[in-house]
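2 protein chains.
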Amino acid sequence: MSHNALSAPNPFSTRPADKAALENGSLFAPKFDEQGLIAAITTDAATGEVLMFAYMNAQALALTIETSQAHYWSRSRNELWHKGATSGQVQHVQDIRTDCDQDAILLKVTVEGNGASCHVGYNSCFYRSIPLGQKAEGATLAPPAEARVYDPADVYGKKD
Amino acid sequence: MSHNALSAPNPFSTRPADKAALENGSLFAPKFDEQGLIAAITTDAATGEVLMFAYMNAQALALTIETSQAHYWSRSRNELWHKGATSGQVQHVQDIRTDCDQDAILLKVTVEGNGASCHVGYNSCFYRSIPLGQKAEGATLAPPAEARVYDPADVYGKKD
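Chains as they are written, first to last, in our numbering: chain A, 1235 to 1394; chain B, 1235 to 1394.
In short, the hints are calculated from the structure, not lab data.
Just so you know, these numbers come straight off a predicted model, no measurement behind them.
Hints are supplied without guarantee of correctness; some may be wrong.
If several chains are the same, the list does not tell them apart, and a pair holds so long as it fits within one copy or across any two.
Stated by the list, open to error - Only pairs whose alpha carbons sit at most 25 Å apart, straight line, appear in this in silico DMTMM-like list of lysine to aspartate or glutamate:
1) 1265 x 1313
2) 1369 x 1268
3) 1265 x 1337
4) 1265 x 1252
Please work from the sequences and hints to get the whole structure.
Have a look at this one:
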């Protein structure tokens, strides 16, 4: 298993200098940052809820397009991450999109297993709001509005 | 106007070493990367549609929380970006969230002006799908499924 996001070959097209071609053309030329990563937002295909935010390297993006199962690059483990390989929370991609300047990816997925996407036990990683109108200094989070949908210990073992 | 995302002071709390405190506590301690930026996903508060993806520096995040209007850091212009200042597409934040490890921000907004969020003229920046099942090499984009909702020349002038 590679431990460098840049070590796998990048099969995608070279980026054209022409901004209009990127915004209006049919050429898919995703922009990876200097670490070889592109931002990926994952939403529930049925409800539209944002489930998680992660990064992909070129290999993860290629595998996602080719297999219709979400793959990411784990920055904490420094390795290719087939979401659900451990947890059973495999994400089946219904639609994959890119944005105007092609430096971000949006996935619409249905989730296998217990149907959740967050390792803390919630359906979505975005389970806490930041109350608006407070001063940034000392800002606090509101308690989660939703309950956990599973116990992480049941999925990842007692270590986590 | 500052031209370095790191030059404004960061008023937020220092990150605790304890992962459980970040995931389960009420302390808001957002993680900015080495360039001083945190990822921000913006969705339509009514429909849940993902409108855009951008970055915030500490000042942009603080202003967003304090004013309930979305502020970002423009990486292309290297400056604080009050969304809508030019286009009239001011984003009024209804809910702002962070994720489990507090290294991403989710905004749910209502948009002023013509109601769109993409400078190319679409409601959402994610107006093109990447057809699934194709090989990554030479991958192409599908034509936009939605029509433009405004002409950028009307908003930004003829220069784009």
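For each hint, the structure was consulted:
{"no.": "1", "hint": "1265 x 1313", "result": "both (20 Å within a copy, 21 Å between copies)"}
{"no.": "2", "hint": "1369 x 1268", "result": "between (34 Å within a copy, 24 Å between copies)"}
{"no.": "3", "hint": "1265 x 1337", "result": "both (5 Å within a copy, 21 Å between copies)"}
{"no.": "4", "hint": "1265 x 1252", "result": "within (14 Å within a copy, 34 Å between copies)"}
Checked against the numbered hints above, the structure breaks none of them.
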